[in-house]
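Input sequences plus hints: build the corresponding full structure.
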Amino acid sequence: MFHIHCPYCGEHREEEEFHAKGQAHLQRPADPEACSDEEWGDYLFFRDNPRGIHHELWVHAVGCRKFFNITRNTVTYEILETYRIGEQPSFTAEYPDGRRPQDATREAQAPLKAGVHA
Amino acid sequence: MQRYSGFALVKHALSHHENWERQWRNPEPKKAYDVIIVGGGGHGLATAYYLAKEFGVRNIAVIEKGWLGGGNTARNTTIVRSNYLWDEAAALYEHSMKLWEGLSQDLNYNVMFSQRGVLNLGHTLQDMRDIQRRVNANRLNGIDGEVLDAKGVQARVPIMDCSKNARYPVLGASWQPRAGVARHDAVAWGFARGADAHGVDILQQTEVTGFKVRDGRVYGVHTNRGDIEAKTVGCVAAGNSGVLAKMAGFKLPLESHPLQALVSEPLKPVLDTVVMSNHVHGYISQTDKGDLVIGAGIDGYNGYGQRGSYPTVEHTLQAIVEMFPIFSRVRMNRQWGGIVDTCPDACPIISKTPVKGLYFNCGWGTGGFKATPGSGQVFAASLARGEMHPIAAPFSIDRFQSGALIDEHGAAGVAH
Numbered sequence: 000m001f002h003i004h005c006p007y008c009g010e011h012r013e014e015e016e017f018h019a020k021g022q023a024h025l026q027r028p029a030d031p032e033a034c035s036d037e038e039w040g041d042y043l044f045f046r047d048n049p050r051g052i053h054h055e056l057w058v059h060a061v062g063c064r065k066f067f068n069i070t071r072n073t074v075t076y077e078i079l080e081t082y083r084i085g086e087q088p089s090f091t092a093e094y095p096d097g098r099r100p101q102d103a104t105r106e107a108q109a110p111l112k113a114g115v116h117a
Numbered sequence: 000m001q002r003y004s005g006f007a008l009v010k011h012a013l014s015h016h017e018n019w020e021r022q023w024r025n026p027e028p029k030k031a032y033d034v035i036i037v038g039g040g041g042h043g044l045a046t047a048y049y050l051a052k053e054f055g056v057r058n059i060a061v062i063e064k065g066w067l068g069g070g071n072t073a074r075n076t077t078i079v080r081s082n083y084l085w086d087e088a089a090a091l092y093e094h095s096m097k098l099w100e101g102l103s104q105d106l107n108y109n110v111m112f113s114q115r116g117v118l119n120l121g122h123t124l125q126d127m128r129d130i131q132r133r134v135n136a137n138r139l140n141g142i143d144g145e146v147l148d149a150k151g152v153q154a155r156v157p158i159m160d161c162s163k164n165a166r167y168p169v170l171g172a173s174w175q176p177r178a179g180v181a182r183h184d185a186v187a188w189g190f191a192r193g194a195d196a197h198g199v200d201i202l203q204q205t206e207v208t209g210f211k212v213r214d215g216r217v218y219g220v221h222t223n224r225g226d227i228e229a230k231t232v233g234c235v236a237a238g239n240s241g242v243l244a245k246m247a248g249f250k251l252p253l254e255s256h257p258l259q260a261l262v263s264e265p266l267k268p269v270l271d272t273v274v275m276s277n278h279v280h281g282y283i284s285q286t287d288k289g290d291l292v293i294g295a296g297i298d299g300y301n302g303y304g305q306r307g308s309y310p311t312v313e314h315t316l317q318a319i320v321e322m323f324p325i326f327s328r329v330r331m332n333r334q335w336g337g338i339v340d341t342c343p344d345a346c347p348i349i350s351k352t353p354v355k356g357l358y359f360n361c362g363w364g365t366g367g368f369k370a371t372p373g374s375g376q377v378f379a380a381s382l383a384r385g386e387m388h389p390i391a392a393p394f395s396i397d398r399f400q401s402g403a404l405i406d407e408h409g410a411a412g413v414a415h
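If you read the protein sequences in the order shown, they are chains A and B. Start counting the first sequence at 0; every next residue gets the next number (numbering that gives the first Met the number 0). Start counting the second sequence at 0; every next residue gets the next number (numbering that gives the first Met the number 0).
Some clues are possibly wrong.
Pairs of lysine-lysine residues, derived as DSBU-like cross-links and limited to a Cα-Cα distance of at most 35 Å, are as follows [claimed, not checked]: (1) B/Lys267 - B/Lys150; (2) B/Lys64 - B/Lys351; (3) B/Lys355 - B/Lys64; (4) B/Lys64 - B/Lys52; (5) B/Lys355 - B/Lys97; (6) B/Lys245 - B/Lys288; (7) A/Lys20 - B/Lys245; (8) B/Lys230 - B/Lys10; (9) B/Lys245 - B/Lys52; (10) A/Lys65 - B/Lys97; (11) B/Lys245 - A/Lys65; (12) B/Lys64 - B/Lys245; (13) A/Lys20 - B/Lys52; (14) A/Lys20 - B/Lys267; (15) B/Lys250 - A/Lys20; (16) B/Lys150 - B/Lys245; (17) B/Lys267 - B/Lys97; (18) B/Lys150 - B/Lys30.
Short, incomplete list of chain B residues facing chain A, as computed with Cβ under 10 Å [unchecked claim]: (19) Ala247; (20) Leu251; (21) Pro252; (22) Ser255; (23) Gly296; (24) Gly304; (25) Arg306; (26) Cys342; (27) Gln400; (28) Asp406.
None of these hints come from the bench; they were simulated from the model. Using N, Cα and C, we set each Cβ at its ideal position, and we do this for glycine too.
Structural data, given as structure tokens:
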């Protein structure tokens with residue numbers, strides 16, 4: 000049983016109050032009509048399925064009913080963090096121990112590649 | 000291969016059964032093979048068996064990172080049926096059903112295939128309409144099926160609560176008499192023994208760590224026991240397919256979820272068929288040993304830890320007790336989870352890939368066991384000819400871009 004911290008309610012609640020909604024940070028193509036079949040298929044069906052750190056969209060279904068994101072390890076099932084929609088994760092495949100302030104400076108010089116999506 | 004027979008049993012009794020030969024060898028990997036199968040579960044071993052037996056490929060290796068049938072082959076609820084709605088899926092599962100019917104003889108190995116029938120219950124008017132539609136579709140495809148009303152269900156399963164007082168009253172069911180169960184370990188072992196007898200090298204505790212690709216063509220694999228070369232590689236790795244695809248440089252439309260099952264303490268014979276309910280969400284059968292085998296849905300989130308969550312166990316048992324109040328005090332012996340690779344349309348992927356010579360057979364999700372022989376045979380035909388077998392062709396990975404999905408969600412009576 001997961002104990003999940005809802006970033007909106009500010010409380011830990013049991014897994015049964017929540018629903019998993021799949022991969023987080025998916026962006027709907029701005030102009031679907033302009034997509035090729037490959038791009039649209041990718042958006043609809045193709046997901047990251049990592050062994051390890053994964054960012055997921057969850058909903059606090061029988062609580063505040065708000066959507067938020069969880070960073071979770073898919074092998075150990077450890078929940079590393081929960082964060083609101085619009086925020087960025089600090090635990091990523093690139094920074095499994097969390098991002099530190101000096102990493103942010105480094106990223107500012109070189110744009111971030113893997114692990115984090117828009 | 001030493002054949003199993005009544006005569007052999009008597010003969011070996013004279014030497015206290017101490018001289019049976021090993022069922023398969025444990026060879027050292029060769030430098031190169033004609034075909035490599037990655038994954039030594041039921042589907043992978045069946046593929047190797049049919050490749051060697053029916054398509055004359057002699058030089059085959061099956062690479063397995065753990066031990067044979069240690070994954071989902073030994074972690075399912077052993078139900079075999081073919082009552083799928085759509086023509087493409089029905090053709091695939093019925094092909095498999097026909098192979099099941101002669102499998103023990105073909106393998107000279109008792110897979111304990113027991114055609115005790117499967118009931119898919121309906122609890123609402125819409126369930127019953129869907130059941131009628133599916134049974135009609137099945138019959139048009141030459142698959143046996145009947146629609147039963149509540150009385151018919153009660154007559155087949157007297158211990159089930161079919162009264163009107165149930166919270167979700169049973170209104171009827173679809174009934175496939177040829178469906179049933181099989182002994183899952185024996186399926187892996189039988190295929191392994193048969194494949195080994197045809198010269199297939201089964202390499203256990205050998206993990207693929209990468210693919211050797213040159214000019215868009217595969218020519219071998221890296222493993223923890225050295226590189227092995229082959230021009231044709233078939234991956235049948237269930238929950239770990241996505242990890243393999245990533246090594247080869249492409250994505251699959253799969254998500255890996257834990258699916259769990261439970262086995263109870265052994266009881267006297269009480270349930271002589273398989274009962275599945277989509278609506279209250281659970282399925283149950285009784286083994287020859289007397290254990291109740293119980294399963295239900297996947298956990299909602301992605302996971303690779305081979306265990307399931309407590310809320311899912313609780314929901315599963317609620318559903319079972321709802322249907323069978325008589326089981327409310329049965330104690331559970333074991334519970335386990337397998338990692339299933341679920342596809343967006345609940346149908347498998349049997350396909351070529353962007354890498355030439357590399358084929359994938361995956362995405363079976365929650366229902367791969369029933370298809371073991373059929374999947375193996377059509378995949379073997381595809382690997383041998385370099386062209387997808389007509390039954391396998393609709394299950395191409397391209398369907399997630401063309402839109403030609405085979406939507407078996409719910410339609411198949413799949414309780415997920």
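Here's how the hints hold up against the structure:
1. For a cut-off of 35 Å, the pair hint linking B/Lys267 to B/Lys150 stands: about 25 Å separates their Cα positions.
2. Annotation: proposed proximity of B/Lys64 to B/Lys351 holds, straight-line Cα distance about 23 Å (limit 35 Å).
3. Under the criterion of a C-alpha separation no larger than 35 Å, the hint pairing B/Lys355 with B/Lys64 is consistent with the structure, at around 24 Å.
4. A hinted pair counts as satisfied when its Cα atoms are at most 35 Å apart, and B/Lys64 with B/Lys52 qualifies at roughly 24 Å.
5. For the proposed pair B/Lys355 and B/Lys97, the alpha carbon gap of about 32 Å is at most 35 Å, so the pair holds.
6. Under the criterion of a C-alpha separation no larger than 35 Å, the hint pairing B/Lys245 with B/Lys288 is inconsistent with the structure, at around 42 Å.
7. Our distance criterion of 35 Å between C-alpha atoms is met by A/Lys20 and B/Lys245, whose separation comes to about 23 Å.
8. Among the hinted pairs, B/Lys230 with B/Lys10 is inconsistent with the structure: their alpha-carbon atoms are about 44 Å apart, more than 35 Å.
9. Only pairs whose Cα atoms come within 35 Å are accepted, and B/Lys245 paired with B/Lys52 is accepted, the gap being roughly 32 Å.
10. About 50 Å separates the Cα atoms of A/Lys65 and B/Lys97, which puts this hinted pair outside 35 Å; it is violated.
11. The straight-line distance between the Cα atoms of B/Lys245 and A/Lys65 is roughly 33 Å, inside the 35 Å bound, and the hint therefore holds.
12. A hinted pair counts as satisfied when its Cα atoms are at most 35 Å apart, and B/Lys64 with B/Lys245 qualifies at roughly 17 Å.
13. Taking the CA atoms of A/Lys20 and B/Lys52, the gap is near 45 Å; set against the 35 Å cutoff, the hint is violated.
14. Taking the CA atoms of A/Lys20 and B/Lys267, the gap is about 42 Å. The hint is violated against a cut of 35 Å.
15. Distance check on the hinted pair: B/Lys250 and A/Lys20 sit about 20 Å apart at the alpha-carbon level, within 35 Å; holds.
16. Restraint check: the Cα-Cα separation between B/Lys150 and B/Lys245 comes to about 52 Å, which exceeds 35 Å; the hinted pair is violated.
17. A C-alpha spacing of about 31 Å is found between B/Lys267 and B/Lys97, which places the hinted pair at or below 35 Å, so the restraint holds.
18. Between B/Lys150 and B/Lys30 the alpha-carbon distance is near 63 Å, which puts this suggested pair outside the 35 Å criterion.
19. Violation of the interface hint for B/Ala247 is found here, the shortest Cβ-Cβ separation to chain A being roughly 14 Å, above the 10 Å cut-off.
20. Look at B/Leu251: its Cβ gets to within about 7 Å of chain A, closer than 10 Å, so that hint holds up.
21. Below 10 Å, beta-carbon pairs count as interface contacts, and B/Pro252 has one with chain A at about 4 Å; its hint therefore holds.
22. Given hint, B/Ser255 at the interface with chain A, holds; its Cβ is 6 Å from that chain's nearest Cβ, closer than 10 Å.
23. Taken as an interface hint, B/Gly296 does not check out: its beta carbon lies about 13 Å from the nearest beta carbon of chain A, beyond 10 Å.
24. Look at B/Gly304: its Cβ gets to within about 6 Å of chain A, closer than 10 Å, so that hint holds up.
25. With 10 Å as the threshold, the beta carbon of B/Arg306 comes within range of chain A, its nearest partner Cβ sitting at about 8 Å, so the hint holds.
26. At its closest, the beta carbon of B/Cys342 sits 8 Å from a beta carbon of chain A; the interface hint therefore holds under the 10 Å criterion.
27. At its closest, the beta carbon of B/Gln400 sits 4 Å from a beta carbon of chain A; the interface hint therefore holds under the 10 Å criterion.
28. The restraint placing B/Asp406 at the interface with chain A is violated, with a minimum CB-CB distance near 12 Å, outside the 10 Å limit.
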